[in-house]
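Peer 1: Start from chain A and add chain B according to the hints.
Protein chains: 2
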Amino acid sequence: MTTPRRSGPDLTQAIMRTTLELGQELGYARLSIEAIAARAGVGKHTVYRRWPSKGALMLDSLLSLSESALDYPDTGDVIADLRRQIYEAVDLLAGAPFSPLFRALVGEAQHDPGVATALNERFIAPQAAKTAARLKTARAQGQLSPDFDLDLAMAILSGPLYFRLLITQEPLTRDYVDRLLDTLFAGMGPRP
Amino acid sequence: MTTPRRSGPDLTQAIMRTTLELGQELGYARLSIEAIAARAGVGKHTVYRRWPSKGALMLDSLLSLSESALDYPDTGDVIADLRRQIYEAVDLLAGAPFSPLFRALVGEAQHDPGVATALNERFIAPQAAKTAARLKTARAQGQLSPDFDLDLAMAILSGPLYFRLLITQEPLTRDYVDRLLDTLFAGMGPRP
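Those protein sequence lines, which keep their order, are chains A and B. Sequential numbering from 1 applies to the first sequence in the numbering used here. Sequential numbering from 193 applies to the second sequence in the numbering used here.
Hints listed in this document are in silico derivations from the structure and should not be mistaken for laboratory results. Certain hints may be false.
[Said to hold, decoys possible] Here are some of the chain A residues that sit facing chain B, going by a computed Cβ distance under 10 Å: (1) Tyr-87; (2) Arg-103; (3) Ala-104; (4) Gln-143; (5) Met-188.
[To be verified] The following residues of chain A were derived to be distant from chain B, with all beta-carbon distances above 10 Å: (6) Ser-64; (7) Asp-147; (8) Arg-191.
Because the structure is a prediction, the values reported are computed rather than measured. Just so it is clear, CB atoms sit at the ideal spot from N, CA and C, and this is done for glycine as well.
Chain A on its own, in the form it takes in the complex (with noise of 0.2 Å):
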């Protein structure tokens, strides 16, 4: 090889920015580690050495483009810190040019027992954690029911997202989102 050697995280970086390339360009189902490692000049068994699968490498790829790696702000107003996270991870996973992407990975994860074990490990199992310790800063504070179920947080708060994104397919406003946060908070039973 003529070109410089790169050092691991740039390499990381560089495959991950392939995969984010190629993946627009050919669509999920025609993206292949393959195609990836040879856009990126590298072998495959490189690529393999650092993801198990396909998915796998294009959650990664997508995660990093968050800049606070989708943490919550601590405002001390709950409520504005979930909306502004929710809004940064919607933008990423279900706006234009990535959703189909994402979408695509979670249809996969439905076949493949490997991607949805890389779909929960990477991504949902730390969110949740982090979603959890926000809340129980608020619940400390008085702005959360003291009865939560810090359990169902994730469920609940992403579970109507996951809806509109990958049953009913329409798309992902603010408004949504506001709106989402609101009724929640409100809670559906009429006020004692």
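Peer 2: For chain B alone, coordinates are given in the frame of chain A:
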């Protein structure tokens, strides 16, 4: 043909039964309308005349198993009625033996717009209308917050179920449904 001519509704039932039977044997990915037609002893055009796609046929076949057509009862207790309907939907679509077929169908909807349309027109939209109607009655009886946004009802009630079915892929237990309903009615916010 030496077999007696089957009338429309009988034929429709026979094709749907065959779809579920063959779907369980082969899995969704390997199932084809050709194979269903052959097993049911009809021409494939007879199937295509009724269903535009494998997804539409599978969806109708699954829904045909619900004796109640997934209607909501009205006993006067909205939480009990939602619970009963959600139990039934979850048993049908998220339990053994049909959950893999339904999950694969939703997976296919991520890259096949025709399947996404079938899912919404044949299942989600009618279900959303039934849900809104049941909740309107509840609101008139003071069992629902007067501010509750009915347009969000399906997303809020079923989003967390799809989250568990498609994303974390954990079992959808009755306990989970109960906790979900309690939490959604109580709301995340502190009582004023």
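Peer 1: Work down the list of hints and note, for each, if the structure agrees.
Peer 2: Status of the hints after comparison with the structure:
no. : hint    : result
1   : Tyr-87  : violated, 17 Å
2   : Arg-103 : holds, 4 Å
3   : Ala-104 : holds, 6 Å
4   : Gln-143 : holds, 7 Å
5   : Met-188 : holds, 5 Å
6   : Ser-64  : holds, 20 Å
7   : Asp-147 : violated, 6 Å
8   : Arg-191 : violated, 7 Å
Consistency note: the structure conflicts with the earlier hints numbered 1, 7, 8.
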